[in-house]
Amino acid sequence: MGKQNKEEKFGPLVDASYRRWRMRLLFTLILGYAAFYLVRQNMQVAVPLMLHEFGCTKTQIGWVFSAFPIVYGVGKFLSGALCDRVNVRYYMGIGLALAATSSLLIGCSTHIAAACGSVLLNPLVLIAIFYSFNGLFQSAGWPPIARLMTNWFSPKQLGTYWGIVNASHQLGSVTILLGGAWLGQHYGWRSIFFVPALLCFFIAMALVRLLCDTPEAEGLPPLEVYEGLRRPEQQDVGAGTNATFREIFCRYILPNRPLWIVCGANFFLYVVRMGFFNWAPTYLQEARGSSAMGSSVQASLFELAGLVAGILAGYISDRWAGGKRNAVCAVFVAMLLLCLVGFWRLPASHPAMDTLLLTVIGFFVYGPQMLAGVAGAELGSGRAAATANGLTGFFGYMGAIFSGFGVGLITDHFGWNQAILFYIFCAFASMILFAANWSQTAQKRFS
Numbered sequence: 000m001g002k003q004n005k006e007e008k009f010g011p012l013v014d015a016s017y018r019r020w021r022m023r024l025l026f027t028l029i030l031g032y033a034a035f036y037l038v039r040q041n042m043q044v045a046v047p048l049m050l051h052e053f054g055c056t057k058t059q060i061g062w063v064f065s066a067f068p069i070v071y072g073v074g075k076f077l078s079g080a081l082c083d084r085v086n087v088r089y090y091m092g093i094g095l096a097l098a099a100t101s102s103l104l105i106g107c108s109t110h111i112a113a114a115c116g117s118v119l120l121n122p123l124v125l126i127a128i129f130y131s132f133n134g135l136f137q138s139a140g141w142p143p144i145a146r147l148m149t150n151w152f153s154p155k156q157l158g159t160y161w162g163i164v165n166a167s168h169q170l171g172s173v174t175i176l177l178g179g180a181w182l183g184q185h186y187g188w189r190s191i192f193f194v195p196a197l198l199c200f201f202i203a204m205a206l207v208r209l210l211c212d213t214p215e216a217e218g219l220p221p222l223e224v225y226e227g228l229r230r231p232e233q234q235d236v237g238a239g240t241n242a243t244f245r246e247i248f249c250r251y252i253l254p255n256r257p258l259w260i261v262c263g264a265n266f267f268l269y270v271v272r273m274g275f276f277n278w279a280p281t282y283l284q285e286a287r288g289s290s291a292m293g294s295s296v297q298a299s300l301f302e303l304a305g306l307v308a309g310i311l312a313g314y315i316s317d318r319w320a321g322g323k324r325n326a327v328c329a330v331f332v333a334m335l336l337l338c339l340v341g342f343w344r345l346p347a348s349h350p351a352m353d354t355l356l357l358t359v360i361g362f363f364v365y366g367p368q369m370l371a372g373v374a375g376a377e378l379g380s381g382r383a384a385a386t387a388n389g390l391t392g393f394f395g396y397m398g399a400i401f402s403g404f405g406v407g408l409i410t411d412h413f414g415w416n417q418a419i420l421f422y423i424f425c426a427f428a429s430m431i432l433f434a435a436n437w438s439q440t441a442q443k444r445f446s
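Going left to right, the sequence shown walks through residues 0 to 446 as numbering that gives the first Met the number 0 numbers them.
Hints are not guaranteed to be accurate.
What the hints assert, rightly or not - Restricting the straight-line Cα-Cα distance to at most 20 Å, the calculated cross-link-like pairs of lysine to aspartate or glutamate (EDC-like) are:
# : residue 1 : residue 2
1 : Lys155    : Glu223
2 : Lys155    : Glu246
3 : Lys155    : Glu226
Keep in mind that the hints were calculated from the coordinates and are not lab data.
Let's have the full structure, built from the sequences with the hints guiding it.
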């Protein structure tokens, strides 16, 4: 429905309120999810310093990395199911506050272990436990966004605006990569956990104040009515907050073959994404000779490229690909595959080429990473958007398990080159699965 038709049908106040709330939600969601990354990716920045202090192997640290996605993946799926049945206004803020608390506990782990005086409670075990709880609380971050985006934005807008909100990943990552490296260099690795956590407590309170679950909660017409997507009498009375998880899952998720294919593709894509996410600073320092700050700058460019890619991929899929999210993903991952081969073949001592290739890899990783979430939410329909998004996230983070201990194990025994080969294999598998859904567009959420 055009802007003029909306104003004629609902009046200028409703149209202005919709636009104001959409902009408010975009800003709040970007700020909120960027904050989640401040108390999430701080672990990756601290790892080189922790390896030096604890004298542990990369396989041991890899198990710490793997503990996170196990809990996060399960938590994200359950969180998605819960978000489809409750008002999410407080959900995201409380999750951020609890994630910040776990970050504080990680920073205190050596002091807690010393106070307990137990062999079983050595600092690395405590860090793994607290980081696992961090994964649980982090899972409360994205499913509310999936719910809010599908409640407030029409299918023709969703890819573009989802890409804009998805930029919060990179904004948070770049902030903690650069800020965390500076904190670690001047105040030690514990400060990388303390300072972001304190900041996140304030942002959590802002989330509770600024978010709104549905247009109806503000006295506005439902999105379906406002956008002219269907008549009010056509609304599906069998779904909504009164539907049980079993009803939602059996109706919208279980028989949904395209959704399960997206889940499989996301599994392999996340091995690559989280492999670079977890190990980039350590790899660049050990295999490429970068300094601590230099590796953080290079990893930041990886994330910044992803910011551009997420927005561009969403725009392309909306405007040029006719909503064929999977087709765009397949093209991006094909280019990622070529870049990974180039990265694998590049000799050491080429810092400029390292930086360039890492930046391009970030671009081709984060484009499909963003679109997989959009495709999942759309394929789950408006009634199960958060559940479907949680399921794709669950599969993604099951893949991320292998980027933790798997990459650590490969690197300890065979070296970094073999780890890059592992990424190449996973990128190829992801490309094949996305291509299998090539012609798939969103199900008619408003049919």
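Are the Cα positions of Lys155 and Glu223 separated by 20 Å at most? The hint holds at about 12 Å.
CA of Lys155 to CA of Glu226, is that 20 Å or under? 10 Å, holds
Could you grab the alpha-carbon distance between Lys155 and Glu246 and see if it respects the 20 Å cut-off? 28 Å, violated
The structure fails hint 2 only (numbered hints given earlier).
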